[in-house]
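Throw the hints in and build the complete structure from the sequences for me.
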Amino acid sequence: MSAAQQHGLQRLPGLRHTDHVGLTVPNLEEGVRFFVDVLGAEELYRSERGPDEEFMPTNFEVPADAKLTLAMLRLPPNLNIELFEWSSAERRGTPPRHCDAGGHHLCFVVDDVDEAIAVLQETPGVRVLGERKEVAGDSPRVAGNRWTYFITPWGLLMEIVDRSRVPSPPRLVGPTDWAAIPNTSERTTNNAASGSHTRHPEPHGSPST
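Quick note on numbering: our numbering labels position 200 of the sequence shown as 1030, and the sequence is numbered without any gaps.
Hints are computed from structural coordinates only; laboratory data are not their basis. Note that the structure is predicted; figures quoted are calculated from it, not measured. You can take every hint at face value.
Label pairs and their in silico Cβ distance ranges:
1. GLU891 x VAL956: 27 to 35 Å
2. PRO881 x HIS928: 25 to 33 Å
3. GLU883 x ARG962: 46 to 54 Å
4. GLY844 x ASP930: 29 to 37 Å
Okay, derived cross-link-like pairs now, EDC-like style, lysine to aspartate or glutamate, Cα gap no bigger than 20 Å in a straight line:
5. LYS897 x GLU912
6. LYS897 x GLU859
7. LYS963 x ASP942
8. LYS897 x GLU860
9. LYS897 x GLU920
We put the CB at the ideal spot given by N, CA and C, even for glycine.
Now the structure itself:
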């Protein structure tokens, strides 16, 4: 019996890969513009849902008066971003701090952190948090890693990183692994044993939605 089974946890059957990351922004147009113009994303489609006093609380865990508008963005080579703008009388406007429950950030690999910082410092509304940092003896596994955090105009924390100076970097999942790492879920294992082929997933559709 595995450690996960001992704790009452089971591997999700048929799990293939991460499809997208969803983020709520206060203004959808501003969020889309930043991801497209600064980060090179491509907008794929938009969708709306709500308000619905039964559907929204049950399926999104939001107030009955909540309405969402979303934009799905494609950010090659390995990320899809779903941006949500919500309207509700109960909506909170302040994002969690990095140290709060629910705090989060997105990190992007760049060729040169200093060059990226220079551009970010000229981008209206962006706040770069300090100078470029380089990991040293405090974390020897990634010594040489260069990074810095910045905050988008609407308050989302992001990071830029350059790992090229790390002698033997940890094997994080990246674009070169997209078709190289098999999924070890029960469904994948069973398909391989039977000689069947797994159908490739369809493009993400309307938002649970």
